[in-house]
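Visitor: Make a model of the complete structure from these sequences and hints.
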Amino acid sequence: MLLFILFSPGLLMAQTPTPVLIKGTVYDKAAPQSTIPGASIRLKGSTRSTVTDDKGRFQIEVPSPQSVLVISYIGLESREITLGDQTELKIYLSSGSKALDEVVVTGYGTQKKSDLTGSVGIVTAKELLNAPATNALQGLKGKVAGVNVFLNSGSPTGSPRVLIRGLGTINSSSNPLFVVDGVVTENIQVLNPNDIERMEILKDASSTAIYGARGANGVILISTKRGASTEGVTVGYDGYLSLGVLPKKLEMLNAKEFLEVIRRGFENDLLYRPTATTHPVFSTNDRRLFDAGGNPLYDTDWQEEATRTAVSHNNQISVLGKSEKSSFGAFMNYTNTEGIMLNSWLKRINGKIAYDANPKKWLSLGMNVLINNTKANEAEEDGGGQSPRRSMLEMPPIFPVTWPDGSWTNSSMISDPFALESIANPVHVLTTQDRLRKLNQIFGNTYLTFHIIPGLDLRTQFGFDKRDNLIQNYNPTDLINISSPLGYASIENQHSFYWQEETYLNYNKELGDHRINGVLGLSWQERTFEGDFISAQGFSDNFFKFNSIQSASLPGAPSSSHDKWTMNSYFLRGSYSYKNRYLATFTGRIDGSSRFGDNKKFGIFPSVGLGWVVSQEPFLKDVKNIDELKIRSSYGITGNTEIPTYLSLGTISSSTTLINGTRVSTSFVNRLANPGLEWEKSKQFDIGFDLAMFKRRLTLGFDYYRKLTTDLLLDRPLPTSTGFGSVRDNIGSVSNKGIEVLLSGIPVRTDNFSWESTLNFSYNKNRIEALGLNGEDIFPGPNFVSGSQTILRVGESLSSFWGYRRLGTWSTAEAAQAAAVGAIPGVAKRSTERTVIGKGLPDWTGSFINNFRYKNLDLSVDMQFVYGVEILQQFLHSTEDRTGYSNGFKRTLYDSWTPQNQNTMIQQIRNGPFSGQNSEVDDHWAANGSYLRANAITLGYSLGQKTLEKLKVKNMRVYLSVQNAFLITSDEFKGYDPEATSYGDNQWGQNIYFHQYPKPRTFTLGASLQF
Amino acid sequence: MEIIKSKNQKNRIMKPRIIFLMLALALTSSCKKFLEEVPKDEITSGQYFKNPDHANNAVNGLYRTGAPQFYDPSGGIYSGSRMMFTPYISGYIDNEFKGQEIHAQYARNMSFTGDNLSSYIQSMWSTLYAGIARANTAIKYIPMTGGISDTQSKKLQGEAKFFRAFGYFQLVRLFGGVPLITAPYESQENLAVSRSSVEQVYALITSDLEYAVNEAGLSDVSMANNGSRITKGAAAALLADVYLTMSGYPLQKNTYAKSAQIAKLIINSGKYQLTQHGRNPDNSVMLTNTAYNKLRLADRSATEDIYYYEYAVGIATSTYSNWAFPASVTSETKFSVSTNAFAPVAKFLQGYDAANDLRVQEKQYFHSTLTRANSTTVTFDTAPYIWQDDEASFTSASSGKDFPVYTYSTVLLTAAEAVALSEGVNADAVNYLAEVRSRAYWKANIADIKAQLSGLSVENFVREVWKERFRELVFQGTIWYDIQRTRLFPVPGANGDIAFEPVVGHANAAGSTIQSRNLLLPISRDELQRNTNLTQNPNY
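Same order as they appear, the protein sequences are chains A and B.
With the working numbering applied, the first sequence corresponds to residues -8 to 1002, in that order.
With the working numbering applied, the second sequence corresponds to residues 410 to 949, in that order.
It is possible that some hints are incorrect.
For lysine-lysine, the following DSSO-like pairs were computed, each having C-alpha atoms within a straight-line distance of at most 27 Å [stated by the list, open to error]:
1) K591(A) to K859(B)
2) K457(A) to K442(B)
3) K536(A) to K859(B)
4) K449(B) to K457(A)
5) K366(A) to K429(A)
6) K612(A) to K570(A)
7) K459(B) to K555(A)
8) K555(A) to K449(B)
9) K442(B) to K672(A)
10) K703(B) to K859(B)
11) K442(B) to K555(A)
12) K703(B) to K591(A)
Calculated directly from the structure, the hints in this document are not laboratory data.
Guide: What follows is the structure, encoded as structure tokens:
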């Protein structure tokens, strides 16, 4: 705390200000007729800044005529202007060779982009909202190399998964750390994307080490919108209306074909059960379903019936204001997002107020409060069961949605002995089932910054995040194979409260050729969680649902839980730049966490980053066409603490068990204590360069990294004869190596037409280096037929699929060999041992984004691709390998094994209910999961100046966009979308899917205006 | 504070300095307690076994962990319960979903190895040891529990030892000499334990059970009359079975006399009897109200069930009733899923005298027809009728019927065999076997049955007992254990007769050859990786 001595009251008594209002317009020197909208104007030596409006105009208040303004714009050379007595400015910017003055948020402060030694990706609000998004992570997808966002579901409640630079952990969370306005937050699932000003993605150790023990998976810093930067009040409206449709249907059997599969299956029963005394006989006598000729009366397209055109809208009103010493921003948003499956929706009302002030010369402060109320009817997405996303494919087409009297059908309502699987029809389920999720969130933070001496600030900030979740489920009494005949209701409350207090010093100083920047601070964090759950079965009717759960006759065991963790940390960052040429950053954090063993509470996470701006060297300075070349490298250690609490302790779990018809208390030791439990550590090396050429019209960023995670927080397998399956221990390691490339260019830039193009892609190679004490395989699930679908094995990639190889189908000539394994010709022929049959994490991901502008029209085309990945199509289990229980793919009828068609992977039609089936995980299910997607195509029109003046509007733009316009996949892939999981946030569920909530193709009409 | 309130310009400048100092003091004061972890929804090991309730809670948990879980559908409804795995090996029992439930397929094909069934076999092993570990904790700490009475302490230890012995009895029969762990793990010392001999494992089992039977003071009433807690009879039934099994392969320790003595203890206690058939006024057996149907319809039997695994609707719902119908007739029931996971194959049913054995008549032990409300009949592959719960099948879809593990039939048959082999074919032996057999041969006269049995040699008499075990105890899933200990494979012939042929080299009922290695299960590759001191069973 010696640094406080630096404080000197005298220095605060500075000169009395005489503020001056400066107006101006910024022009492009190359095309002097064109103004530059979006250029940044900053008062030098302060944080006060503004940007030019769409006509290139700005106004800014400056303290005195001696003030200096810095005007900058991406791709053009910045200029500094000393005002003197000018109050109306015309500023011409030219494309030059000077490095940019862009400022980057780096965690506990900002840095000039040119001074960065780390690898940081930046996404602005404009890029995030290029296409409408309900979820903040949707817009991030494809925007930053090395950041892989998996949008696995088309549901409005689907939660995207983010991986930065590969998966480097096994039993801990792989989510990056989300920091909203300096406050660590557990997820940004419900954050209104319209509230986001920019996102900084910290990828390498030099940038993440300031977050120490929580930085190993990368950090996403989110800055939300604040008040106006120019004086006055601006009112804005942003809104859209969108229509979502099912982009494609899978080719299922129609009613006639389905009956043929049943008939053929019955016919083949003899082959599979030669000794059985009775064989099923095909009939179509049920007159509710068949006419006298045996033809089906209905041919229901369940995909059509269970989906809809989803109508969604979003409205955001913002009021931004600024006066002499303060600014405010107030934002209100209402979003109503419909899913394309019936009755799935999300409604969110969201309010935010931000206030910033400089009441004293020595003091700045600000507050930001965000209130969020989200209600949703969530679509069930994990597991198999009889969820509608499955039954809309598997419900036999011979049934109508409702009988003529209006009552619902289900698959057991047939008198012919088809022995179908009990399926509640998907329209019935979607219409009558409740899966309500209600969230109230209050998020707030406030800061005080004391300007101690010029360049030295002390900032203290307090933030909190309070969330109350209410989860209400009701499954009616008539949903067969789901909740019939008893019905089921459950109510769950989850309350979490997180607070943090952080205080740090920030020092910025330029001394001749030397520039230093330092941060030193400390942090306290605490999170408490409380939950309770009740459920009941035995409802006499479907009136009360969860609203009067006491009316049910069979209450389930209630449960509740309490959980708390704390952290106490100290951090430090120093960066130094000499002659704008040689850069160095040292970062370190000491983190203490309650989650670790008594002896291992604290961990130290240091990093160093070095940079060399080669283009500033004399030998390159005058080279034409090279505007910037910076080589940078970093090395450091970050950690991962994201494990459940109390794992270092041996604790006793208590619950109830059944004895003598009632619940009695029981308890047992649930794990072995491990007082030595400590941090997971990631050592990361990064080397890269930034190159700008041809007056910055071509830029290239390149990074190579190696990340080795050691001391994995692993559920280390124990001999199960100990009574424990595993102990959480620090053992094993995983490596990730990869490259990231960001190439952007401006091939055309004229007065009327411009074309900007960005290609980014990344490659990541993941490998398990060590596991357990003896390199034991671990089978972490998710489990399906044949057990765990994945394996963790030394030498393999994480998320490796585990199964047999399908060698074909047994031919008639091979009858004898088939018999040896209990099979007959027509049945799948598989390897005897299981092996790795693919992996769910891609080698290559990337995007290609092109923006065109012609006069007032703008067009953006955003394409994304993934390459070098497999997808495990578990749905083939019931839509192909198993026939007769439920509906299946058309190809089971046309391409399956027959004595005439023996060279096929598809097994002979065999009636599951009578003749059994053969269905194991094998590589016939594993398809190439690569794809190319037209993520968003947006056409916009901005009103011209004259029209705007007539309308007395500052700015207005309308746009039309298509999201998910097309998708190209491999031929082997038979599902909706190869970016999928049916296992929620299961670490290993990526690209393993049983059935999927299809992603819509969305057409949007939107407008934004300011006045 | 006065200074801060002051409007004086100079003092106003002081304000920030004071704030900084206060902040500095407040925030840097080290606070070790802040990082301490104090769970509120779990207790830590130091707080356990502080009062008699803790001891009780520790034992309560044993009723549904470890060996008892073999009677739970823990692998999911299609896979059956783990109890069914060894019957699949015999080939006499099938699972209609074996096309996706590979353990059933590999068992019937005799192609299981520690690799291809690693996770299934590991789940058996780890389940058994999890129960043993919890029993070890209970056994160690019950005597140290504060405030516990000597009577309660012994009783609870007796229950815990019953469950530990039951776990090891399953392990030793399935895997041979396994690591013998008798104390709870409380640190990471000595985790990888090597095998003990089969004899050492049995020594622990018998000592635990001798304690439970003779010293623990367990109630000598039936389990149903004892609040569904372990009784002296339950421990004795298990011990009689243990001594009978020890006398056979691989140990061949002649403990028939002990088995007979313990079994007789149960029989002579007078607490148990076989359920009798309901009769018409003309004294003929009411086929809808036979002993088997009475047992089927009752939640549990207070007289015939000696040890059962409990179920109750809403707390632990049974799936055995879902296994009473093949998938082809699910839609005739209220069940979402019904599967013939324990399907007796035709060859097995030939082990019953089709004309004279009540058990094989339609709707006694098994069924293959269902009459709908409109009087039409649907036929299906033979499935266990004894598990068919009318209320669950046609109204609630939820069954709470308890699953009998040891019944009075088991004890009678154990006694008959053990007495014959230790005392000879005397009246006791004959009576015990005849009691079971005469209930099944409903048209025969018990005196005739006794007469037929009395004249038999010990060897032939024992074979008659084995035949009855084959038929009577099918739902207890003991068929493979009898094959293991006798090393003879039962082969049904004409009229329900059964021949016993050497097992090694014999084909099981699914036509797959049984090799000597198959008499034990392999250790899973998973456990071998975890415990490097463990060795694989021969020839796997």
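Visitor: For each hint, tell me whether it holds in the structure or not.
Guide: We went through each hint and held it up to the structure:
1. K591(A) to K859(B): Not OK: K591(A) and K859(B) at ~75 Å, beyond 27 Å, violated.
2. K457(A) to K442(B): 24 Å, holds
3. K536(A) to K859(B): Violated, because 62 Å separates the two Cα atoms, which is more than 27 Å.
4. K449(B) to K457(A): Answer holds: K449(B) to K457(A) is near 20 Å, not above 27 Å.
5. K366(A) to K429(A): 4 Å, holds
6. K612(A) to K570(A): Holds. K612(A) to K570(A) sits at ~13 Å (cutoff 27 Å).
7. K459(B) to K555(A): 25 Å, holds
8. K555(A) to K449(B): Given that 27 Å is the threshold and the Cα spacing comes to 9 Å, the pair holds.
9. K442(B) to K672(A): Holds, because 25 Å separates the two Cα atoms, which is no more than 27 Å.
10. K703(B) to K859(B): 25 Å, holds
11. K442(B) to K555(A): This hinted pair holds, its Cα atoms lying about 13 Å apart.
12. K703(B) to K591(A): With a Cα-Cα distance of about 63 Å, the restraint between K703(B) and K591(A) is violated, given a limit of 27 Å.
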